[in-house]
Amino acid sequence: MSLPHPQLDAEGRLLHFLDLDGLSRETLTGILDTAETLAPVGERRVRTVPLLRGRTVANLFFENSTRTRTAFELAAKRLSADVLNIDLVASSTAKGESLLDTLRVLEALQADMFVVRHSQSGAARFIARHVCPDVAVINGGDGQHAHPTQGLLDVFTIRRHKPDIEQLVVVLIGDIVHSRVARSDLAALSILGAAEIRVVGPRTLVPRDVAALGGRFMPHLDEALVGADVIMGLRLQRERMQGAAVPSSSEFFRHYGLTRERLALARPDAIVMHPGPTNRGVEIAGEVADGPQSVILEQVTAGLAVRMAVMSMVLGNRAGRT
Amino acid sequence: MSDQGSSGAREASGAVGGRLMLRSVVDGLGERIDPAARPVDLLIDGAAPPRRIDGEPPDGVPVIDGCGLLALPGFTDLYARLREPGPSRRGTLASECRAALAGGFTRVCAAPDTEPAIDSTATVELVLRHAAAAGGARVLPIAALTVGLRGEAMAELATLQGIGCVAAGQGDAPLADTRLLRDAMAYAAGFDIPLIMRAQDARIGIHGCAHDGEVAMRLGLRGIPVSAETIALARLIELVHETGARVHVSRLSSARAVAQVREAKAAGLPISADVGIAHLHFTERDLDGFDARFASAVPFRTEADRDALRGGVADGTIEAICSDHAPLDADALLAPFPQVEPGLATFDRFLPMLLALPEVAGIPLQRAVEAVTRGPAKVLGLPPLPGDVVLVDVGKTVDPGTWWSAGVNLPVLDEGSCTGSVARVMMGGREAVRSHEPGRVE
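Sequence lines, in order, name chains W and S. In this text, residue positions in the first sequence follow our numbering: the first is 1, and each later residue adds one. In this text, residue positions in the second sequence follow our numbering: the first is 323, and each later residue adds one.
Isolated chain W, as found in the complex:
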């Protein structure tokens, strides 16, 4: 009885990119391989390719973002697309115009693609269901639901360091409940068959049913780090540090903060990741974030190649359409 997923056409090709639900390992690997071919573009003197020349990409950000919006903008520009950045946080939707009314106006600008960020879970699917058929929708993060390009750039980064994902023990630390990044990371790692995904955090921040996302709850970080190949910190929102979910940021750091001493429990070649922005001294010690095992800035760079891949593939699948 449930609604069909709007992101795949009858042949299973991506028409939108909304979340990782129902995507096959082949599809994910295909995107990652394409991203690998596009990554060198950023290292050339002329850093553009003409894949989306003449196409218009509109960044519709209903929620504040600097990093993600900038990454999508730069990715679209490297594909030679025209880019519109539309800040909707303080705009018409705040004046009471409905989300759909706003969409209709933006459709009239004849964009080929909307990159959407919204504070409500399910907003990207909602927009994909109601947008006119000529527009592709990319989810740049919806509420606590999904941030699929982040999930992909994380596995892209992991794969570059540790190509055999099926052998890996990955540890996610911190706020899973409220994290769209965690959901997309768990989905991407599960689809690619990671050997074990350990989830560590206080019970206020780890869902009871986390096993349904493919994660295995472990209460103590020290135990979870033993044998780990990949360690991912997650951002803890400030309001949750002040007694709402954890008593204080210092208590959180004492139990779940990634320090150099703790990192020594993991495999010596383990990599340290974080979607940013980091709270130093809350989730991660500064010396670890800046240390030799950290790949946090590589993640940012990987985000460009992955988003170029997703955008070009989705619009490529639509090339034959009206």
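It is worth saying that the hints were derived from the structure and are not from the lab. Bear in mind the structure is a predicted one, so any value in this text is a computation, not a measurement. There's no promise every hint is true.
The following label-pair restraints were derived from C-beta to C-beta distances [to be verified]:
1. S:Val-385 / W:His-5: 54 to 60 Å
2. S:Gly-723 / W:Arg-203: 49 to 55 Å
3. W:Glu-97 / S:Asp-736: 34 to 40 Å
4. W:His-130 / S:Ile-375: 57 to 63 Å
5. W:Leu-109 / S:Arg-411: 26 to 32 Å
6. S:Ala-626 / W:Glu-166: 52 to 58 Å
7. W:Arg-53 / S:Ala-626: 54 to 60 Å
8. S:Arg-557 / W:Pro-292: 52 to 58 Å
9. S:Gly-723 / W:Arg-216: 46 to 52 Å
Note that the Cβ used here is the ideal one computed from N, Cα and C, for glycine as well.
Assemble the complex: chain W is given as a structure, and chain S must be docked to it using the hints.
What follows is chain S alone, placed relative to chain W:
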């Protein structure tokens, strides 16, 4: 329908006086219902119990050919939102009273969460006057327990009872102040005003939009834990102990709450309960993929919860099945899931959902029918209405194009297994609705 008075008190007396003869109907008016029984002729009287007759009707009594349809007593609904006063795009008393009647309901308890709430004599009188003019089901208003449903001060409960309110309650609005609740319950007990109360904690799950389970977790939706219901229910039960108030627990959602009600009843407390019809059918799985058609203030929970609700109806722990009707306009659904207005407009699909219960839920037909007729009447101490009869075409498939409610948010039914259509409705011994020319039931 012209018998509809403007006074709720008069309505509750059931004083209506039409007569007619139903020729060739399957008699489902008693406690045993056998849809395969041989059709009989029944004399329906607004003032006396129906009786079987042979041969011709008394002089001047009109005859309706029942074509072998199943005759059931008119339904009584313990909770429906009729939306008036309030924004008319979601429905009016005119539209929803007629939708109720077309769905087989001859008596509907109107939820207090109108805009403004049903907390003043002016609002009650407006509701009764517009309902009487609507030419639909009789409306029995539920008074707001607190002024504006704000949970700050008791409404004039005895005055509202005096002009026709049959009960009082908070609708879906939480009541955080336990001392106020205790006082209101004691006060209501003094006037023998039944309370129709949803068990809902004022803090836990208050920003949630789905059952706090696997589906909500996966979709990143804020959850409504079972404890939001059971803590509030435990509070109500304790206060019933102390105040002696008659409490009807409205729209149960979880297995643990069903067990609490069962236990409270076993202890001899004056507690009764109902469940919304949709909650006997749907679970959290149905809203997977952000399906806004299954957004509901009372969350759809797990299959185990649904099964316990079914079991509660089957064994009588849950006396009544209500519509929990909540008509919405199309715009109310056009938003990301957490921002959608919750609710299902159930009136127009209530009957097929009810008739499906024996097969999908293991609830015997006579028990299902009792839960929308004698069950709810007994909860509120309402008199029987012998002249209210619904003729049901059991085998007729649902016509997707037919609905009476102003709401567009009809429940999504499994087309294959849902049949049943209201052919005609009598109120007070007179024909009130003729939905379609009934086909013969083989």
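A quick look at each hint next to the structure:
no.: 1; hint: S:Val-385 / W:His-5: 54 to 60 Å; verdict: holds, 56 Å
no.: 2; hint: S:Gly-723 / W:Arg-203: 49 to 55 Å; verdict: holds, 50 Å
no.: 3; hint: W:Glu-97 / S:Asp-736: 34 to 40 Å; verdict: holds, 37 Å
no.: 4; hint: W:His-130 / S:Ile-375: 57 to 63 Å; verdict: holds, 59 Å
no.: 5; hint: W:Leu-109 / S:Arg-411: 26 to 32 Å; verdict: holds, 30 Å
no.: 6; hint: S:Ala-626 / W:Glu-166: 52 to 58 Å; verdict: violated, 35 Å
no.: 7; hint: W:Arg-53 / S:Ala-626: 54 to 60 Å; verdict: holds, 56 Å
no.: 8; hint: S:Arg-557 / W:Pro-292: 52 to 58 Å; verdict: holds, 57 Å
no.: 9; hint: S:Gly-723 / W:Arg-216: 46 to 52 Å; verdict: holds, 51 Å
Comparing the model with each numbered hint stated earlier shows that hint 6 is the single one that does not hold.
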